[in-house]
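A.B. asks: Each chain, letter by letter, is given below.
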Amino acid sequence: MKRYLPFIIVVVVALVALASGTVLYRAKRPSILTIPKSALVSGSGGADSIHIRGPASAPVTIEEFGDFQCPPCGKLSDPINQLEREYRPRLRVIFRHFPLLNHAHAREAAFASEAAGLQGRFWEMHDLLYREQPVWSEAADVQLLFDSYAGMLGLNVDRFKKDMESEQVKVRVASDQKHGAALGVRTTPTVFLNDRALAPTSLNPTGLHAAIDAAMKTTTPHT
Amino acid sequence: MSGSRTRVIFYTVAAVISLAGLADATYLTVIYLTGETAVCGGSASCFQVLGSAYARIGGIPVAALGALAYFGAFSFATFSAFGHTRMRMFFALIVCAMFATTLWLLYVQAFVLHAFCRYCLFSAAVTFLLAGIAVAVPPSR
Chain A
1 MKRYLPFIIV VVVALVALAS GTVLYRAKRP SILTIPKSAL VSGSGGADSI HIRGPASAPV
61 TIEEFGDFQC PPCGKLSDPI NQLEREYRPR LRVIFRHFPL LNHAHAREAA FASEAAGLQG
121 RFWEMHDLLY REQPVWSEAA DVQLLFDSYA GMLGLNVDRF KKDMESEQVK VRVASDQKHG
181 AALGVRTTPT VFLNDRALAP TSLNPTGLHA AIDAAMKTTT PHT
Chain B
1 MSGSRTRVIF YTVAAVISLA GLADATYLTV IYLTGETAVC GGSASCFQVL GSAYARIGGI
61 PVAALGALAY FGAFSFATFS AFGHTRMRMF FALIVCAMFA TTLWLLYVQA FVLHAFCRYC
121 LFSAAVTFLL AGIAVAVPPS R
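Those protein sequence lines, which keep their order, are chains A and B. Each residue of the first sequence is one higher than the last, beginning at 1 in the numbering used here. Each residue of the second sequence is one higher than the last, beginning at 1 in the numbering used here.
Same shape as in the complex, but just chain B:
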């Protein structure tokens, strides 16, 4: 398989994975905006994470920032899959920023809040997959 074709497959997969993250982050943003609490029903850990001060930055829900980031990753991956070479750099940069943010949020959950939220863990898994793709994608010649 040629490097070009492999890159198309990698970026297409990255775009599809980003959609899963976008759906998760959009859902959490709506939950934040409505004040809906049933989403955490029965899970003290979920309440502790989503109800904590770390769930927002300056009044803006972290989930909304996540939705924007996933949309950015999706857009850059899509353009990259269609051969827009400059977008590959933007894809790598945004995934790098998302990866760093995810590490920070995992640290907060593990060592500050001592609680994990399933939606946040799903988002972390999506970001790790994207980071894996960004690393594994064959470089252009």
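Bound conformation, chain A alone:
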């Protein structure tokens, strides 16, 4: 028996390592792709393409004009993600860029998210930028950090860098800003619920919950 013991130990460890790796993989994977791919529309085309989470048939739409460097936007990001999961498929979320001039890196962050979007990872970069906002906002070399975020997300970093400089992403961000300005957006976050701007006092989990519930009662699903 002792003769075979090392073989048994090695095989058992190999199986345990593979099994725990697989379990960990399955546990981590859903936290990244929070919504089914079929329910994602991530603008990767022209200026009019937008970033949507949730089905087009959802009776309630939240449209956020956000700035990745704005702290209140960062605080609102998680609650909106949770609401999207909670109300799915009756709620869809649209994100639009509105980088403010007083935030030194907000435009670069918007470009980074769009460049990630061109490789199909807009929402992952969106969540990452908001989560890491306190870190990159203070960074001396913000581009270096954005590149490393792209690397962590498994993007082609060379392409990401080129795309960040491209006219395509600049036009995309400018298009959202123009749209927001036309709607009267001045600050961030500005959130529209079914085309109606929510009061800043409602921009918290409780307020959003109440507003969505009220909208659910008064709307019927789109066809």
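Hints may be right or wrong, so weigh each one.
[What the hints assert, rightly or not] Derived list of chain A stretches under chain B, where covered just means 3 residues or more per stretch with a C-beta under 8 angstroms from a C-beta of chain B: (1) 121-132; (2) 146-158; (3) 183-193; (4) 197-206.
To be clear, the hints were calculated from the coordinates, so they are not data collected in a lab. Keep in mind that this is a model prediction, so the values were computed, not measured. Beta carbons: idealized from backbone N, C-alpha and C, even for Gly.
Here the structure of chain A is known, so what remains is to put chain B in place on it, guided by the hints.
C.D. replies: Structure of chain B alone, referenced to chain A:
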């Protein structure tokens, strides 16, 4: 204590230490494959290292190669502890390769990226311990 018994203890300790490295490297491999980013939450240095081009070789994550190396070190140490004398040489060789790779990765972190990742430093510590054991283990007569 006899040299034989000391060797068994050394290789057993090396096998247990290798498991810690295997767990760390497996975790980082899964993180790479899932694209999970919370692992580096709040640490710019961690992002700079794990998100850099040095974190993969030809599309293969360095962590996956590390997991294989730790598994190899574990296997050779286990067989050595059970008296398979030929495996001692393989253990010494793989630990030597891991030590050299760790020095290279530390150099990259210190002088190229100017950033350190805690998981990578843990792995380096594990490899240094294994190298220490490989050097300290009494030779067979």
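A.B. asks: Now, for every hint given, state plainly whether the structure supports it.
C.D. replies: Verification of the hints:
1. For the stretch 121-132 of chain A, the proposed coverage by chain B is satisfied: 5 residues have a C-beta within less than 8 angstroms of a C-beta in that chain, meeting the threshold of three.
2. Residues of the stretch 146-158 of chain A with a Cβ under 8 angstroms from some Cβ of chain B number 9, which satisfies the need for three, so the listed coverage holds.
3. By the rule of at least three residues with a Cβ nearer than 8 angstroms to a Cβ of chain B, the coverage given for the stretch 183-193 of chain A is violated, with 0 such residues.
4. For a cut-off of 8 angstroms, the count of residues in the stretch 197-206 of chain A with a CB near a CB of chain B stands at 0, and the three-residue condition is violated.
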